[in-house]
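J.: For the sequence shown, counting from 1, position 110 maps to 110 in UniProt numbering; every step adds exactly one.
Each hint should be verified, as a subset may be incorrect.
30 angstroms max Cα-Cα, derived DSBU-like pairs, lysine-lysine [stated by the list, open to error]:
#, residue 1, residue 2
1, Lys174, Lys105
2, Lys176, Lys105
3, Lys174, Lys91
4, Lys177, Lys91
5, Lys105, Lys91
6, Lys91, Lys176
7, Lys91, Lys21
8, Lys177, Lys105
9, Lys91, Lys72
10, Lys21, Lys72
If you're looking for bench data, these hints aren't it; they were derived computationally from the structure.
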Amino acid sequence: MSDIFTLESRDPEQYRRETRKSNLIIMITFAVLAMALASLSVHFFGNPEGGNTLWNLAGVLAGVIATTAVFKLHFWRQPWMEAARYGWRLKRSLMSITNILHTVKDGVEQGNPTALRVMRFYHLGLEQMYRLENNESALCDLLDESRSHLNTLQAQGIDPEQPSLDPAWIEQLKPKKARKR
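Start from the sequences and build out the full structure, keeping to the hints where you can.
T.: What follows is the structure, given as structure tokens:
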């Protein structure tokens with residue numbers, strides 16, 4: 001993660017529609033490429049009497065590689081991928097916190113302002129992700145912990161609005177042996 005990630009207001013229904021559309025486009029692209037490349041590999045290298053499983057598999061694997069290349073080189077920058085890009089960045093930001101969550105929790109217990117801010121962003125980010133993905137059960141489980149942490153922030157005089165995650169905060173909170181050199 002190289003830059004500050006900021007939560008954006010998103011309509012969950014629209015987000016799900018847009019991500020379904022982008023997923024469908026990618027799946028269709030893979031199906032077409034995999035079938036075409038499998039057919040071509042059997043046609044050019046296969047045995048007309050059968051037993052072309054390896055050539056079919058090679059074509060499907062080539063389809064995976066081709067779909068990945070099309071995705072990274074062309075699809076990723078398309079406007080219809082914007083919701084998926086946002087979701088990916090949100091999950092990546094949350095994962096960077098999850099990877100050091102024990103350290104963040106220790107910092108929260110010690111009243112570390114950076115840890116308190118990171119934990120608030122984590123709660124806000126998880127809440128948004130659960131809403132976007134329509135995961136009501138996980139959202140309900142999170143809300144009590146989030147409210148309790150909000151009270152801690154207010155008692156410390158820290159702004160409860162933490163819509164952004166600065167990667168420098170993560171680096172500050174990483175255990176010394178895990179920091180980049």
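J.: Determine for every hint whether it applies to the structure shown.
T.: To see whether the hints hold, each was checked on the structure:
1. Lys174 - Lys105: holds (12 angstroms)
2. Lys176 - Lys105: Holds: Lys176 and Lys105 sit about 16 angstroms apart, inside 30 angstroms.
3. Lys174 - Lys91: Given that 30 angstroms is the threshold and the Cα spacing comes to 19 angstroms, the pair holds.
4. Lys177 - Lys91: Given that 30 angstroms is the threshold and the Cα spacing comes to 25 angstroms, the pair holds.
5. Lys105 - Lys91: Holds - the C-alpha atoms of Lys91 and Lys105 are around 19 angstroms apart, at most 30 angstroms.
6. Lys91 - Lys176: Measuring from Cα to Cα gives roughly 24 angstroms; hence the hint holds.
7. Lys91 - Lys21: holds (19 angstroms)
8. Lys177 - Lys105: Roughly 18 angstroms between the alpha carbons, so the hint for Lys177 and Lys105 holds.
9. Lys91 - Lys72: holds (18 angstroms)
10. Lys21 - Lys72: Between Lys21 and Lys72 the Cα gap is close to 17 angstroms, so the pair holds against 30 angstroms.
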